[in-house]
Each structure stands twice: as C-alpha cells, then as structure tokens.
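Peer 1: Read top to bottom, the protein sequences are chains L and X.
Sequence positions in the first sequence follow the numbering used here and run 858 to 1104.
Sequence positions in the second sequence follow the numbering used here and run 4 to 328.
By construction, these hints were calculated from the structure, which means they are not laboratory data.
Accuracy of the hints is not assured; some may be wrong.
Straight line, CA to CA, 35 Å or less: simulated DSBU-like cross-link-like pairs of lysine-lysine [claimed, not checked]: (1) LYS1058/L with LYS44/X; (2) LYS883/L with LYS71/X; (3) LYS1062/L with LYS860/L; (4) LYS1062/L with LYS71/X.
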Amino acid sequence: MFKAIVSAETLTSALDSVSVLVDECKIHLEEDGLEIRAVDPANVGMVDLSLDAAAFESYEADGGLIGVDLSRLEDIAGMAESGQLIQLELDEETRKLHIQIDGLEYTLALIDPDSIRQEPDIPDLDLPAEVILEGKDVNRSVTAADMVSDHIALGVDEGEEFFYVDAEGDTDDVHLELTQEDLIDLQLGPAHSLFSLDYLKDMNKAIPSDTEVTLDLGEEFPVKIYFGFGEGQGQVTYMLAPRIQSD
Amino acid sequence: MGNAALRDIAVIEEIPFDDVEGVVAVDAHNWLYRYLTTTVKWTSSEKYTTADGTEVANLIGIVQGLPKFFENDIVPVMVFDGGPSELKADEIESRREQRRTYEEQLEVAREEGDELAIAQLESRTQRLTPEIQETSRELLRLLDVPVVEAPAEGEAQAAHMVRRGDADYVGSEDYDALLFGAPLTLRQLTSKGDPELMDLEATLAHHDLTLEQLIDAAILIGTDFNEGVSGIGPKTAISAITEHGDLWSVLEARGDHVEYGDRVRALFREPNVSDDYAFDPDLDPDLEAARAYVVDEWSVDADEVARGFERIEESATQTGLDRWT
C-alpha cells in the first residue's frame, strides 16, 4: 500500500538527484518515508537518498518496493506548476502508479524491481577532512575546472588551513582556495583526491546553490557529498570514487 | 561481419569521446581483428614472431588499443565468442575458403616481390589461432580487463549486457549489433578520433518500425546468416516491411523465398545469451607482469609496446566504489 501527496518541487528535487546517475531505480516505500539507493554501471558514483514522511502533505506506506523509469516520472512531475501538489497512489494489482496533478490523471507502468541493477553496498569510509560550504561555491569550482580539464583535485592544506580546488588542463590551469572565513566550516585532515568532472558535473546539477553542502575527503579516497532538500526533510548523499594513477 | 547496407538504415552520429562514460561491452573478436589487421599491415613480422614461429601480433594490438579506453575513462569488458551458431558455420567455411584463396595469392605475391599486395593479403589471412585466443585472454587478465565468455555470438551477449543495464554501450564495428537489440553501440573505437554512436531507439523511431520489423527488413537485405533477396536494398526492404508488416507477407507478396528465414529471425530475436557472468569494473592493471608477459615470455619487440604501456601507466584510472566496501 502506498498513497502520498507531495509538492512538485520536493518530488522533482528528489528525482533529479537520482537521475543524474541512473535511468531506472528502485524506490523503497517505507513507513517513515521514501528511500532510494543507486549506483551507475561503472560503480563510480552512488546516490543514497531519503525523504521523510514529514516532507509530504500526507504519506501512507507499508514497506513496498517499486521500480521506476526516472525520466518518465520526471516528465510527469514536470507537468505540475510550481506550488502544485502531486498525488501518488500505487495500484497493487496492476503494479501501476496513479499520478494526479490538478485533475490530470496519469497511469505509469512500473518496472520489475528485479530487472534493475542491484542496489550497492554503502562504502564504509572514515574520511579525515570535512568541508562545509555553500552550494554556489561547489558550482563555481566545478564550472571553472570544467573549462580547462576533465578532472578536478579536491584537497585540504593542513598547514595553511584552507580547502583547495585544482584543475590542470593541457594549456590552462584553475586554482581556488577557500579559507575558514569563506567556508561555513572546515575540519582539517590529510586530504587530496582526483575526481572525474563528468560525474561531479552531473552531481553538481542536483545541488541547490543556496544549500549547505558537506564534503568529506581523504587521501585518494572517495568523496562524500551531502546536502538537504525539501525543507530539510530530505537528505541526499553522493559518493564518488577517485581516480588513481596506476603504477 | 554484418551487413554494411544496414548503415543506410541505422541512425548514427559521431560523438565526442568526452560524452562517453561508463562500461563498454566490447565484441572482442571484432575488436581484436581490427588490431590484428593493422598490426600485421604496418609492423614487420619478426617483431611479433617467437623463435619457434608463433605469431602473436594480437599482443601488440591489445597494448595499442587499450589506452584509448583508459584515457577516456571507459571501462572495457571484452566479450568473446562462444561456439559459432549453426548457421554461421557456413559463413566461417566460406571465409576459410576465401582465406585459402588469399593464401594462394599471397604465395604468388611473395614470389613476385609485390610489397603492397603482400601487406594487403597478409592482413586478410589473419585468423584467431589458439595461441591468439589464449594469449589475448592472459594479457587481458594481467591488465585486469574483464573478460566475459559468450555462449554463442559475442555481439549478442554484449547487447544483452547493455539491455540488462550492466554495461552502457556495445562496442563493435558490426551493424548487426542493432539487430541483436543493442540500445547503444559505439563504432570506430579502434580508429583515430571520435567514435560513432548507433542508436536503436532512434533508428526504430526514424523508420517507424518495431525491432522485430527491423530484423525482418535486415533478413530481406541479407545478414551474416542468410543471403538477402536479390534486388532488395535497404530502402526497398524498409518500404516493403512498412507496407506488408512482416517478412512472410513481403515474401508472399513478391513470390520470393528466404532459406531458413524463421531460424535466422529466431537467432536475432532470441539469441543464445547468458545471465551467468560477473565482472568488476574497477581495473587495477599489473603493468610489470603484463610487460614481462609480452616482451619476455612472447618475445615481442619491446619498442613496439613501450608507448602503449606508457599511455596505460599515465592514465590515472578511475576506481570503483566497491574498492571501499
């Protein structure tokens, strides 16, 4: 059983943050909210999303599991105007999702969850450095780095006490330093890792510019990027594996 | 190797390598064959021939071909053919026959000292010998490149893996990938420059056909498994299928016949593929062991593979998250 009413913005934010990595996903309809966990086929980028029941206007569920084609569901959610509510109801018999937006009724065929790639195990990471910054600074770093390179290095200078972004291109370079004062918070620790901008650019698309974003970093370790949405009732955690020079 | 006439039907566009990411299920024979022919064409045979006369040009080909994947952050999964489909045996037999003819011509060219003819003919007489089969797998293993053994056609298995979401693209020069239902196929992975992307959904939408109808149209034109109907090219095939609906109706209307039509159809619609495969896309190549294998064990000229190994070494490889789980 699943029946819920949610604002278009909240649903869209949730779907967008998953669809940057995968086309299809499983959604767990838990009693206390929705949960989605997915990884791209190359096993490089992962998303772990939870949306509390409190983020919904109304929410009833009893632990079911559905599989959805994300772009279909995003298209439907896109039919709602800002501020409109979207009503979702699962028909257990037909395995279809009934969606209502201001009189518009849409019946979405679901995907067999068993046909969707298995959900990933969440890596157990103990990352020594933590950087808290505004979404717009993440956007600035990623956009600038993308102008010169395919990769971006993120790190912390423990001596000089700043967080830095480096991108080296064939001809041009980008460097950005953010000190304690520029950041919301900085916890020093040994950190320097190289990441693919292809992934980071996609993840960046889902990060609202006025949101507080936390980056957990280590030395040649995955980065953990997390932020809230839906008035703090939703939480997205991305994990991105680093690039390592083979030797 | 598939029917090139399908190119006129397929929706294909060149895409920048930067836009390609993820896992490519590569039709390994198709890929290796390209490198074998170019290596044999441009490299003198003593550089890849052991003291006892075994030719391992494939090892040079692999070392030259893999950096392209690594540098562009693409994970190759090499899918090897299993036993040939019953029908394809005919094609293998005819290729064998053709090779015999080439070999005879090669003898003549050698006697006459015609360098260009020798180079051309040598490239065509290449085949995947047991040594090539075995040493290719071993070198790929040392470089930690995943290998999947297909029950039959490697291409069908690769398409199946993409349909299941375990890979993002099929990698093959062969237009048949489309008929095996490969959603996205990358071509020209072995050439310089950007690859071509062949899109099944766009192809079907463009002609307003179903996959079953596309297969029927291809059977009319001719595939690896059957001769086409004489006088039917890509355009005629599409309009005939659109008009009559399917293969049988077209044949009936024209009074034509396709040998084994239903079996060829089944080979594409329900190819022999397996769900029983697993691979780790996080590659951790052992370059030292790979270099020793190629240069010391198989006495390949070190200069021929130096640049390839260097390129693999320099490309910072993308790790996978499972390294931390």
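Peer 1: State for each hint whether it applies.
Peer 2: So, going through the hints one by one against the coordinates:
1. LYS1058/L with LYS44/X: 42 Å, violated
2. LYS883/L with LYS71/X: 34 Å, holds
3. LYS1062/L with LYS860/L: 29 Å, holds
4. LYS1062/L with LYS71/X: Satisfied, since the Cα-Cα distance of roughly 28 Å is no more than 35 Å.
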